[in-house]
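Undergrad: Chains as they are written, first to last, in UniProt numbering: chain L, 1 to 338; chain W, 1 to 338.
Derived from the structure by calculation, the hints contain no laboratory data.
Watch out, some of these pointers could steer you wrong.
[To be verified] List time: in silico SDA-like cross-link candidates among lysine to any residue, alpha-carbon distance up to 25 Å: (1) W:K41 / L:L140; (2) W:K41 / L:H131; (3) W:K225 / L:D32; (4) W:K41 / L:Q143; (5) W:K41 / L:E111; (6) W:K312 / L:T109; (7) W:K41 / L:A135; (8) W:K312 / W:V34.
2 protein chains.
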Amino acid sequence: MTSQRPIPTLQDVATRAGVSTATVSRAINFPDQVAQVTRDKVNAAIAELGYSPNFGARAMAARRTNTIGAIIPTMENAIFARGLQAFQEELRSNGYTMLVASTAYQPDTEEEQIRSLVARGADALLLIGYHRDPAIYDFLDAQDVPVLLTWAFDPAATRPSVGFNNSAAMQEMAEKVIGMGHRRLALISAETAQNDRASARCDGIRQAMTAAGLDADTLCFVETKYGIEEGAAAFDEVMTHDPSPTAVFCGNDVLAVGALRRARERGIAVPGDVSIIGFDDIELAQVVYPALTTVHVPHREMGRKAGQALVKHLRDGTALEPIEVHTKLVLRNTLGPP
Amino acid sequence: MTSQRPIPTLQDVATRAGVSTATVSRAINFPDQVAQVTRDKVNAAIAELGYSPNFGARAMAARRTNTIGAIIPTMENAIFARGLQAFQEELRSNGYTMLVASTAYQPDTEEEQIRSLVARGADALLLIGYHRDPAIYDFLDAQDVPVLLTWAFDPAATRPSVGFNNSAAMQEMAEKVIGMGHRRLALISAETAQNDRASARCDGIRQAMTAAGLDADTLCFVETKYGIEEGAAAFDEVMTHDPSPTAVFCGNDVLAVGALRRARERGIAVPGDVSIIGFDDIELAQVVYPALTTVHVPHREMGRKAGQALVKHLRDGTALEPIEVHTKLVLRNTLGPP
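If we strip away everything but chain L, and leave its shape as in the complex, we get:
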């Protein structure tokens, strides 16, 4: 697989294209800033010579690769996709490329991917949530790789994040549901052990219950893996609880859509017999029938602000500060009185 001819240099490309090396560099890294005719000449020279920007040399010279890594738990079902798309648009308009890795919710995989992205010269990382092995943060600090967290915001946290308060968001929804008269509550949750967003959402419901004089231990709590099928199976499980719940919270819209489908299959009326509540407000929430009552997360705003913060940090050295974005309740058709 090794090419036998000498490796072409940036200077070779510049000479062939009849432009300066700075122009070649800009054409590669910030093509939007270079006239089309110049880009065409440079790209033709690159193709003819088989030139590839020498990552190692560039990284050593500049300690920058204009690449930012984002590591998310899953690419399926669009939970993270919309925010990441806005993050990428912001990066791209500033000359950065985003590379994404997905962990399938496995902390070991996330750790490998962090090391891999750092080894490949990522200028910075975007990670989801706060909770991970402290050794990972030590590693990133030692490597001088800035890390911005997102999808979570905890005023007490020491690491900067651009996110929302998962606990307060779910608490607000639970107060609404309890205020309508619901007393027998259930939660179908993502697995909480490695997921600080899921555990915070659970805490939010329990706090609302306590504040309303309900015993938080009566919350019927079922953990399951992420997926529509899993949400459906968990719905069966919570409905066998005695007494059965009148309102079923779900830790995310994907689980809620599974619950909704299973209710229809079982002839259980929503919200007549039971209310079902989601979290995220992904597109799925609007296309299911009845349309899902859920907590709207401003994914695009969050992604855009995260991108802006990282770009300013890398460009100008502006410190990464915590930024909170705000959720809101979206009352559609799956929540009614008990």
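For chain L, the structure is supplied; the task is to place chain W on it using the hints.
TA: For chain W alone, coordinates are given in the frame of chain L:
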């Protein structure tokens, strides 16, 4: 941003962990092949020393980074997510990391991302569809970076792909629809200019029409951007056609879900007044109401086979050969007689 202490070497890590440098290397690159206790020692040493595998040196020594890049048109709505998840699982079990970039269906963005991934030392690339500037293929050939195409299979193509025949798949569905008596057909398509899958699906319908003695030019054809809202707006457009269609094909399930939602909003019965047909069979197709009739693409099988082929190619030098996977019709509840 530059760390002031001397950069630790692989040997430093090995000495600190009390293992050989080969073991450190394996623990970093193929963690699954190393005992947990050894990994823990190595990882502790890496964290304490702040060691990062020196990409440049490794790349020059081995010309391999154990990273495979995948570039997809979009991360939203899970069209590509399931296949990519299977692709990643296959890679990961063989010690490779997958990095993903998404283009928002912009060829210029894809080209930048290809150059970026090659510059960062990707061992191989997975790209969607055949159609792109020939200069990109020339560049990849000159760089000796293997490229496998997917999501499309054309027996006449010269580049190897693991995919399905988009034209034949849609033709089979169109034959079914025409066989039920539909004569006035419409297609809401993704933009075909830069998307060979979308144009092949359109061709499939036209071929079925011609074979059934219908004039293919009577196909009411509307192109739109990718999205649920876009599908809804396009549905309005095709329904104003005179005479209005009795069956509306959609180039993908996302557009079909938008069409279905708009039909409900307008009080148009599906399939009583009009049939709506999707393509892909993503999870969305099963959760909408009525459940969507669509063409099932074996996304997981396709991703897994693509991963296997690339790993065998990189490990053993096995040539990349075309592999066809097969779609099938999924008849749910949105297709009925005219």
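Undergrad: Next step is simple, just say for each hint if it's right about the structure.
TA: Results of checking the hints against the structure:
no. : hint            : result
1   : W:K41 / L:L140  : holds (18 Å)
2   : W:K41 / L:H131  : holds (22 Å)
3   : W:K225 / L:D32  : holds (23 Å)
4   : W:K41 / L:Q143  : holds (19 Å)
5   : W:K41 / L:E111  : holds (15 Å)
6   : W:K312 / L:T109 : holds (22 Å)
7   : W:K41 / L:A135  : holds (12 Å)
8   : W:K312 / W:V34  : holds (22 Å)
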